[in-house]
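Next come the chains, spelled out residue by residue.
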Amino acid sequence: MDFLNSIILLTNFIIVPGITYGSQLALGAIGVTLIYGVLRFANFAYGDLMAFGTMIVILFTWFLQSKGITFGLLPTALLALPIGILLTIAVSLFFDKTVFEYYRNKKSDPVTFIVVSLGIMFVLNAVVRIIIGPNDINFMDGHKFIMKAREFKQMTGLNEGLALKSTQVITLIATIVTCSVLFYFLNKTKTGKSMRAYSNNEDLALLSGIDPKKIVLLTWIIVSILATVAGTLYGLDKSFKPFTYFNNLLPIFAATIVGGIGNPLGAFYGGFLIAFSEIGLTYAYKKFFKYIMPEGLEPSTLIQFISTDYKFAISFAILIVVLIFRPNGIFKGKVI
Amino acid sequence: MIKNSDFKICFSVMTILTILVGLFQSWGIALSMLNLCLISAVMAMGVNIQWGFAGLINFGVMGFLAIGGLATVLISVPPVPEAWSAGGIGILISGLFLFSVVFSVLIINKRLPNHNYKNYFIFLIIILSIPLLKFIAGPSISRIESINAATSGFLGGANLPIIFSWFIGAILCALVAFVVGKVCLGLRSDYLAISTLLVSGIIITIVKHEEWLSRGVKNVIGLKRPVPYEVDLQNSEWFIKLVEFLNSSKLSNVLDFEERASLLNQLVISSSGVFVKLCFSLIFLAVVLIILYFSEKALNSPWGRMMRAIRDNEEAAKAMGKNVVKQHLFIFMLGSAIIGFAGAMLVTYDGLFTPSSYQPLRYTFLIWVMVLLGGTGNNYGAILGGFVVWFIWIQSAPFALLVINIFTSHLDETNYIKEHLLNSVPYFRYLMMGLGLLLVMRYRPKGLLPEKIIKN
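So the sequence lines, in the order shown, correspond to chains A and B.
Under the numbering used here, think of the first position of the first sequence as 115, with each following residue one higher.
Under the numbering used here, think of the first position of the second sequence as 1288, with each following residue one higher.
Chain A with its partners taken away, still in its complex shape (with noise of 0.2 Å):
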């Protein structure tokens, strides 16, 4: 009994928060690393996307509720989520336009492309505050919780609760989703293969008769749509606030660095990997060790590696110490 209790224990704080996490970060990593694949720089203002599509999600929300239409059980953010999607393309291939495709063509170093995101970053966070406000905004609606800790209680009789919201699940229905669609896409279709060759090497690519245009513009297409998702699955998750957008970037670029920068499934992985080790090494293990551990050698500490005030610091020295022992990233990264 007491080893059950010990596992829904730490399902229910590490490994459900830890999938929910990962799987946010995890997508979000994967469009910084196709962005750096293919475009081939470091994009700063891939925060600022995710929180201009989720503000999109949000507005076309309120425009739905105030219509009455919702979607049933599920939150109505899912139905608003195509619109936002389009309009963060449109707006994704506007700075490319304007922005991007002229210091492509001049071939300039990555540095200058990281300044002029930093541009982009800048004017996204005012366009996203001034049309929404830098508060909390809460957008969730529809059944909030698939199982309850007190329901679970009663129905297995443990001392301990599992709890489920439905955003967790939704969360990785759409994870998976997305991800087995990518990388379908871009292992078996002969885009996708494109694409790749592209990241690979650019000469060769052109060699071959690859558009570059069209990769590029179908990078664009991906990453926003990943942004988005990434975006609204987060919001709706914890909520909405444009603060807290640029700073998910950090963990992102953490995740996206230590899977090796330039691979989608390196990325993947980082993303869980951030999460798991951002939620596992702050979390206090105290009653875990006492339903583990023998009368009488229960700890008195509380058994924590690192208070949580340093969950981020967390991700931030996992990159730094990846960055020393293997540049590369833990998966070779530079390919897609």
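In short, the hints are calculated from the structure, not lab data.
Incorrect hints may appear among the rest.
Pairs of lysine-lysine residues, derived as DSSO-like cross-links and limited to a Cα-Cα distance of at most 30 Å, are as follows [what the hints assert, rightly or not]:
id	chain 1	residue 1	chain 2	residue 2
1	B	1295	B	1584
2	A	355	B	1295
3	A	352	B	1405
4	B	1495	A	355
5	A	327	B	1505
6	A	400	B	1421
7	A	181	A	352
8	A	328	A	302
9	A	221	B	1739
10	B	1733	A	401
11	B	1739	A	425
Chain A is fixed; fit chain B onto it per the hints.
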């Protein structure tokens, strides 16, 4: 001659902007803008040394500014004896422990033969030392933080004049930059940008949450000043005499004695604030000029030429026998020290240390906009960028307000769109910054004052 024209542009823009604000708004606002412009100019020069001279991309500006700010607390605040007696020894012991861990890691890294297991061993030591450190320091930290939690709850500082903290802040930053540089400088440019950004995130987290050191989110207020206080000025005879002398024509118009006394009193109060700001301006201006002088000297010395050579062609510089790694580390430390100096100046000017106010947009990327807009590799450009960008940053909200009022003048006061736009006025500054950066990068990629190299 070329240098002189830059100098003239730079300082005439600065004077004109200040006078314009002084005439149209008020001299108090003009002087506080000037002060922040000067501080921004120091920050921009620090970044310019790293980016413009050596091509090192440092997105960790915010972290170094926070370390400079922390130095003001550690130097100028009076120590808290109760906290020292409650947990001082514990803190010292854990400091010693930390030092020994670092030392042993260094020894292992140097002495043990290169082996696959070495890295894992070092990693293990670091991982184990964190909970141990918490175990050693934890009780003392909670004791320190429980003493007068509302007013102090930290160890305090050294009770020295705050000017010292500017130099200590610079030294602390140089030390931190040494460690960061050892780890990160070998990386390619974009990796370096991301990792310095993340390192600054770690620094901010530490400053924010180690309350025994910095009071964390509870902030430290009422820091010392290198200039007199307004209240003291208002009570000192010479200052009243000075104000009386400067405004003698205005005062002589008023015949009634009592009225004249109250007018004088008003004048003394308003001019004491201006006087304090003016003192700050003079100190800051001196700092800017001194740093400018030395970095101009450095830029045009053989060392500056070498740095440019390394920046423009690293391989060739290496082939010429220049120690690129060492020079990069040195210039990274130098630039960070200047940024730390500016961070301490900023906190001194504000009179309070608020760790939660350090955000990358304001304290890292805005400084970068200053450097890129002003002119990469040109010290005058960095100063000009500091001025122009800070001016736009401050004035874009009133400007946006004006524009919105003009365009929505046909709408009535309660119109939803108008109200919403008026509420979001502060965010137009981000828009201005972004558009400014994009336009400059497109049409003047070298900045307003491009780098000029004297060839003999």
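Here is how each hint holds up against the structure:
As the CA atoms of residue 1295 of chain B and residue 1584 of chain B are separated by approximately 18 Å, the hinted pair is consistent with the 30 Å bound. A threshold of 30 Å between alpha carbons decides the hint, and for residue 355 of chain A with residue 1295 of chain B the separation of about 45 Å lies outside it, so the pair is violated. Only pairs whose Cα atoms come within 30 Å are accepted, and residue 352 of chain A paired with residue 1405 of chain B is rejected, the gap being roughly 42 Å. Only pairs whose Cα atoms come within 30 Å are accepted, and residue 1495 of chain B paired with residue 355 of chain A is accepted, the gap being roughly 21 Å.
At most 30 Å may separate the alpha-carbon atoms for a hinted pair to count; residue 327 of chain A and residue 1505 of chain B exceed this at roughly 53 Å. Of the pairs offered as hints, the one joining residue 400 of chain A and residue 1421 of chain B holds, with about 16 Å between alpha carbons and a cut-off of 30 Å not exceeded. Taking the CA atoms of residue 181 of chain A and residue 352 of chain A, the gap is near 25 Å; set against the 30 Å cutoff, the hint holds. For the hint pairing residue 328 of chain A with residue 302 of chain A, the CA-to-CA distance comes to about 18 Å; that is within 30 Å, so the pair holds.
For the given pair, residue 221 of chain A sits about 24 Å from residue 1739 of chain B by alpha-carbon distance, which is consistent with the 30 Å threshold. Annotation: proposed proximity of residue 1733 of chain B to residue 401 of chain A is violated, straight-line Cα distance about 59 Å (limit 30 Å). Among the hinted pairs, residue 1739 of chain B with residue 425 of chain A is inconsistent with the structure: their alpha-carbon atoms are about 46 Å apart, more than 30 Å.
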